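*Asks:* According to this note's numbering, the sequence shown is numbered sequentially starting from 76.
FYI, nobody ran anything at the bench for these hints, they're computed from the structure. Treat each hint with caution, since some may be false.
Pair by pair, the computed Cβ-Cβ distance ranges are [to be verified]:
no.	residue 1	residue 2	range
1	E247	V215	15 to 25 Å
2	R345	Q317	31 to 41 Å
3	G125	G187	23 to 33 Å
4	V332	G125	38 to 48 Å
5	G136	G310	43 to 53 Å
6	L280	P228	12 to 22 Å
7	E256	G161	17 to 27 Å
All values reported here derive from a predicted model rather than from experimental measurement. Virtual Cβ for every residue (Gly too), placed ideally from N, Cα, C.
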Amino acid sequence: MSSPQRQSGNGDDRPRTFEDLVAEGEAVPTEGWDFSWFEGRATEARPSWGYAVSLAGRLAGARAALDVQTGGGEVLDFALGRAAPGAPVLAVATEGWPANVAKATALLGPRGVPVVAVAEDEPLPFADGAFDLVSSRHPVRPPWAEIARVLEPGGSYFAQHVGPRSVFELVEHFLGPLPDEVSAVRHPDRERADAEAAGLEIVDLRAERLRVEFHDIAAVVHFLRKVVWMVPGFGVERYEAQLRSLHERIESEGPFVAHSTRHLVNARRRVR
Numbered sequence: 076m077s078s079p080q081r082q083s084g085n086g087d088d089r090p091r092t093f094e095d096l097v098a099e100g101e102a103v104p105t106e107g108w109d110f111s112w113f114e115g116r117a118t119e120a121r122p123s124w125g126y127a128v129s130l131a132g133r134l135a136g137a138r139a140a141l142d143v144q145t146g147g148g149e150v151l152d153f154a155l156g157r158a159a160p161g162a163p164v165l166a167v168a169t170e171g172w173p174a175n176v177a178k179a180t181a182l183l184g185p186r187g188v189p190v191v192a193v194a195e196d197e198p199l200p201f202a203d204g205a206f207d208l209v210s211s212r213h214p215v216r217p218p219w220a221e222i223a224r225v226l227e228p229g230g231s232y233f234a235q236h237v238g239p240r241s242v243f244e245l246v247e248h249f250l251g252p253l254p255d256e257v258s259a260v261r262h263p264d265r266e267r268a269d270a271e272a273a274g275l276e277i278v279d280l281r282a283e284r285l286r287v288e289f290h291d292i293a294a295v296v297h298f299l300r301k302v303v304w305m306v307p308g309f310g311v312e313r314y315e316a317q318l319r320s321l322h323e324r325i326e327s328e329g330p331f332v333a334h335s336t337r338h339l340v341n342a343r344r345r346v347r
């Protein structure tokens, strides 16, 4: 996501107002997981493990692969492009948001990858043991029991998850201090326990805390519209006071700094 352009966009040197920036952040489409719009507006450090490149290596050795909650298909498309030609033999993706289903279908269709519309809380419409690899990048809630069910014995789940208190400096600016039980959601220890209860064995679990910077309020507006679970029910009118105070803070102090949390999950279905 890098320094804001201080121009109005119409060729003059007039600094953009709060209203200009908010309108810009509201106008940007939110489909898919392409974050290229943030270039010049926000930055986020990336985890050291390089998930998309690592996923390509996994796909190169897979027979049948499933990508759960694929978003707009961008990460899977990149990884398939890096995998060996013809690997895996079968690849399928699921997604629950209709706009993303359409975007992922357009992107992955030329690769012969069907995108199946499945809501986050619905069972996966695949046979038991159908896949030797299941992957996911930033699932809203990992469906552990379903992941274990569709994996063949010895098959792998390889994923990057959002961790606890991710970007909470920003979240709590809008919602105020949140209770411990909310902060503990997505904790790696809890996810390890849930995965093991579903019949998976954790092979590797790594976590990192990463610096995020928002250089203008347009980036904040677009981010909260795109990542809708951060501030549920977010809207400019509803949170105008918080947006305006944050805009003034950025203008006077520089980028607003927060921290994302990510963990890499490498699990295997137990062989009985």
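*Asks:* Give a verdict on every hint.
*Replies:* So, going through the hints one by one against the coordinates:
1. In this structure the supplied range 15 to 25 Å holds for E247 paired with V215, their Cβ-Cβ distance being about 20 Å.
2. A C-beta distance of roughly 47 Å is found between R345 and Q317, which places it outside the suggested range of 31 to 41 Å.
3. As the Cβ distance of G125 to G187 is approximately 25 Å, the hint placing it in 23 to 33 Å holds.
4. For the hinted restraint 38 to 48 Å between V332 and G125, the CB-CB distance of approximately 24 Å leaves it violated.
5. Look at G136 against G310: about 45 Å separates their beta carbons, and that is inside 43 to 53 Å.
6. The supplied range of 12 to 22 Å is met by L280 and P228, whose beta-carbon atoms lie about 21 Å from each other.
7. About 47 Å separates the C-beta atoms of E256 and G161, a value inconsistent with the hinted range of 17 to 27 Å.
Consistency note: the structure conflicts with the earlier hints numbered 2, 4, 7.
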